[in-house]
Each structure stands twice: as C-alpha cells, then as structure tokens.
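A.B. asks: Here the protein sequences line up with chains A and B, keeping their order. Sequential numbering of the first sequence, starting at 1, is according to the working numbering. Sequential numbering of the second sequence, starting at 260, is according to the working numbering.
Just so you know, the hints here were simulated from the structure itself, not pulled from any lab data. Because the structure is a prediction, the values reported are computed rather than measured. It is possible that some hints are incorrect.
What the hints assert, rightly or not - Reference excerpt, derived from the structure (chain B facing chain A, CB under 10 angstroms, subset only):
hint: 1; residue: Val286
hint: 2; residue: Leu339
hint: 3; residue: Asp425
hint: 4; residue: Thr458
Beta carbons are placed, not taken as given, at the ideal position from N, Cα and C, and that holds for glycine.
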Amino acid sequence: MAQRPITLTVIADMLAGLGRSTLFLLRVIAGLPSLVLRPSLVIQQLYAVGVLSLIIIIVSGTFVGMVLGLQGYNTLRNFGAAESLGVIVALSLLRELGPVVTALLFAGRAGSAVAAEIGLMRATEQLSAMEMMAVDPVRRVVAPRFLAGMLSMPLLSAIFTALGIFGGYLVGVELLGVDAGAYWGQIQNAASFEDDVLNGIIKSLVFGVVVSWIAVYQGYHSMPTSEGVSRATTSTVVVSSLAILALDFVLTGLMFTGD
Amino acid sequence: MDDPLVEIRGLRFRRGRRVIFDGVDLVIPRGRITAVMGPSGTGKTTLLRLIGGQLRPDAGTLRVDGISVPELRRKELYGLRHRMGMLFQSGALLTDLSVFENVAFPLREHTDLPEALVRDVVLMKLELVGLRGAWRLMPDELSGGMARRVALARAIVLDPMMILYDEPFVGLDPISMGVVVRLIRRLNDALGLTSIIVTHDVHEVTAIADMCYLLSEGKVMGAGSPQTLANSDSEWVRQFMNGLDDGPVPFHYPAPDLARDLLGDAV
Numbered sequence: 001m002a003q004r005p006i007t008l009t010v011i012a013d014m015l016a017g018l019g020r021s022t023l024f025l026l027r028v029i030a031g032l033p034s035l036v037l038r039p040s041l042v043i044q045q046l047y048a049v050g051v052l053s054l055i056i057i058i059v060s061g062t063f064v065g066m067v068l069g070l071q072g073y074n075t076l077r078n079f080g081a082a083e084s085l086g087v088i089v090a091l092s093l094l095r096e097l098g099p100v101v102t103a104l105l106f107a108g109r110a111g112s113a114v115a116a117e118i119g120l121m122r123a124t125e126q127l128s129a130m131e132m133m134a135v136d137p138v139r140r141v142v143a144p145r146f147l148a149g150m151l152s153m154p155l156l157s158a159i160f161t162a163l164g165i166f167g168g169y170l171v172g173v174e175l176l177g178v179d180a181g182a183y184w185g186q187i188q189n190a191a192s193f194e195d196d197v198l199n200g201i202i203k204s205l206v207f208g209v210v211v212s213w214i215a216v217y218q219g220y221h222s223m224p225t226s227e228g229v230s231r232a233t234t235s236t237v238v239v240s241s242l243a244i245l246a247l248d249f250v251l252t253g254l255m256f257t258g259d
Numbered sequence: 260m261d262d263p264l265v266e267i268r269g270l271r272f273r274r275g276r277r278v279i280f281d282g283v284d285l286v287i288p289r290g291r292i293t294a295v296m297g298p299s300g301t302g303k304t305t306l307l308r309l310i311g312g313q314l315r316p317d318a319g320t321l322r323v324d325g326i327s328v329p330e331l332r333r334k335e336l337y338g339l340r341h342r343m344g345m346l347f348q349s350g351a352l353l354t355d356l357s358v359f360e361n362v363a364f365p366l367r368e369h370t371d372l373p374e375a376l377v378r379d380v381v382l383m384k385l386e387l388v389g390l391r392g393a394w395r396l397m398p399d400e401l402s403g404g405m406a407r408r409v410a411l412a413r414a415i416v417l418d419p420m421m422i423l424y425d426e427p428f429v430g431l432d433p434i435s436m437g438v439v440v441r442l443i444r445r446l447n448d449a450l451g452l453t454s455i456i457v458t459h460d461v462h463e464v465t466a467i468a469d470m471c472y473l474l475s476e477g478k479v480m481g482a483g484s485p486q487t488l489a490n491s492d493s494e495w496v497r498q499f500m501n502g503l504d505d506g507p508v509p510f511h512y513p514a515p516d517l518a519r520d521l522l523g524d525a526v
C-alpha cells in the first residue's frame, strides 16, 4: 500500500474524529427526551456541575469587574470621560468577558470533572456493567451531564456578569468616586437587551453545549487506564479552551459587525 | 448435550491484526457450570463480551437460547441482556451508590415495582450472598470479596437464565475465594441458572465446574469434564491443568544458545 503523506493522514484523522464526535452528540441528543421522566438525574448533575462551580464564578466575576473598573477609570479619566465607566464595564462583560471567561473557568472546573468521572467509570468497567444490565450508559450517565452543563453555563455566565458589574461599581463608585447615578444610568442607556444581553446569552449557551460535548466525548472515549483518564481530562480543558476562543471570534463576527 | 443454552460455531474474531479466535466451536449446556480456561491474553474475557453482544464476531455463528446474538438490534439485544447477568472482574459496582442501591439498580431501571417490593427483593438477594447486613455500606467500604458478592447479588436480581463470570477468583484471599466458589455452585443449583466462568484458576474452578473448555492461540485445545481433561493425552492440556513450568509452552523465552551468549558473541 502506498504511503500517504503525513498531512493527509492528520487531516483524515481529524475529520474521522469530528465525525465520531458528531455521531456521539446525536446519540446524546436522542437520549435527552427520556430525561423528562427522570428529572432527579438532571438535578443531581446541575448540583455537581452548576452549584459546585459557583464559588469560582462568583470570586472571578467580582475580581474581573473590579479590575475592569480600575483600568477603565484610569484610561477614561485621561479623556475626562470617567462617567462612562459603567458602559465600558457592562458592555465588556455582557458581550465578551462574561460568556468567555465563564466558559473557560467552566471547562476547567466542571468539564474536567465530568471527563474524569466518566473516564473512571469506563476504566472501572461501570459503563460496561450498565450495558450488560441493559441500561444505555449514554442515556443514564452522559445525557444528564450534558444537559446540566448546557443549562448551567448561561446561568453561571449571568451570575459572573452581574457580579462583574457590581465589582466595577465597588471600585469605580465606592472607591474612586465616580457618580453612582452616572454609572447605572449610562449602563441603562448604552446596553441594549437584544444586541448585548441576548447575544451574550446565546454565546454562553453555545459555549455550554461545546464544553459539555467535548467533556462527555473525551470521558466516554478515554482509554481505560489511569493515563487515559488523565489524557481525557487534559484534552477536555485544552480543546474546550481553544474551541471557546475560536468560536467567540466567529460569533462576535456574526453578531456585532455592522453596528 | 441435548439442550445447549449457548452454541458457538466457527467463531472468528480479530482485534486489528491480532487474531483472537480462529474457528472456535463451543457449546454451553443449560443448567450447568461451564469453565472456560486458558492462559492470560487468550481472549477469555473477549469471549464473554461476544456472548453478551458487546462485540461482534467477524465470522461464525453465536446463539444464546436459540437467538443469534450478532444479528440483534440494540433494543432486542437489551431484551436478551435482561435475561443475562454478568459479574465483572472488579465487581464494577457503581461507586456513587450504596450496596442497597447497587443491587436495586436493575430493578429501578427496568421495573416499576413499588418501593416496599424493591426493598424485599434486594434484601433477599443480599441474604443469598450473605451481605444483608452490609446494605448501607458504600462500595469503597467493601473488601474485594464482598464487592464481588454484592455484584453477584446485583447480577441475579432480575432472575436471569445465565450468569457470565469474568475471572471471579482473581485477587481474593483463601476464605473469600472459598466463599465465592461455593456461592457460584449454590446459586447455580438453587436458582436453576447456567453459569459460564472464565478463569485461569484451574484448581478452584475444577472443583465446581461440570464442563471445561481450554482455549489457547485462538483455538479450543481441550474440552470435557475436569476429570477427562486432567487425564488428557494432549501434552499442552496436561501442562496447563497441572501448572507445569515446561512443556509445549516453553519455560524459556526464545533466545540464542546460552554458551554463545555467555561468551559474548550474541550481545
């Protein structure tokens, strides 16, 4: 057999991987309706991936907002526009930092945990045991985690953004003396629900789907060894982070050009 | 053997380039304990996965209770698996559920039994394996032998027709081993099961098996009752059954002549 050039092999492998993961995603989506009858499975996972991610989201959101307040104030003051601080903080968070930073943190906190958990279930034959008990692990284990990730991300992103705006307020208004009325008033005037809030929600929903998809796929298809599980966890964080940043560029291009 | 439960003819299976089974014929009689033995890496566990429909053979027929397993669609396969139990080497208990919930798991997934009945069935099955008192424990609080007994209770909770045991004796202390060995025999007879035990622990399994198959290099090297195999004419079978260190399977890994090696010619 003639040797194929290495670039072709790499491309073929990538396409095959994409095909496999798409088929897997379709299987997961097909398993979602059955969860209507088993809400407890989803609630358990909402707690694991959503509630347990709250601390990191709350702390990071507040600090990111505080830094934005500080940097924004120092720059705007040079132009005598310190009153516009609220707009800078709110729009950066609503459009970009809220969804993107939340998704990156979410991939590190919840995505890696889901991949490791499913990978370990594979390594300890728990998934095989379920199959032999005529229970489909994709429906029982994967679908609830995927749905919980998808639902948690927009909520976490909303909390991150809200606390970020509050952090900006703490630094800008309480510490540096920007007028509180101007801070909130400017936000109200400049931020539009459709362009900013809704697009931010759409972004975070897309990121939620992508991170959850990558995490469950990597975990489910990990090699059943400790090295395999560790590789699945690492890949989840690396691939998710790259996908989030690339998709953010594409989504921003689609949403905010021609304003 | 007039009433086989599992019938395998001309089974071929390969993983990548490696041939695992090359024309294997196997018949598992109903109501008996059949041991499938062979050296490590001969594909004994693969055989169980083929019977359970987790893998598909490349060629040959494989029937369980008259049903051709490789041709089944997922739903039909799951229907058949309701009537099969499998005990994994590690027990494969679900680590986030207690002993009670692990045993109740198949009931909760496949039936709508009221809670009181689930409780009674689970406690009865746990009583059979001697672990009713451990129902509250979590899997990480169990010893290896206890975990395997809980997994056994889970495997029989839907009253299957057959149980597949994957290396049930590995890593057990002598007492736990004795308990598991006798339990397999007792459950098989009391519940009218058919048991297939995959193992390389010759001594333990020959004490309870009615029928043995010896697999090696993708083929059946010997078949019959433990007695027949022990007195077999085949040198290979005798080496395996008696655990002899040299024979058709050589003690030495292929190497050049020792004298040449020592004189430093080869290295």
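A.B. asks: Please go over all the hints and tell whether each is borne out by the structure.
C.D. replies: Each hint, compared with the structure:
no. : hint   : result
1   : Val286 : violated (22 angstroms)
2   : Leu339 : holds (8 angstroms)
3   : Asp425 : holds (9 angstroms)
4   : Thr458 : violated (17 angstroms)
Hint violations for this structure: numbers 1, 4, all remaining hints satisfied.
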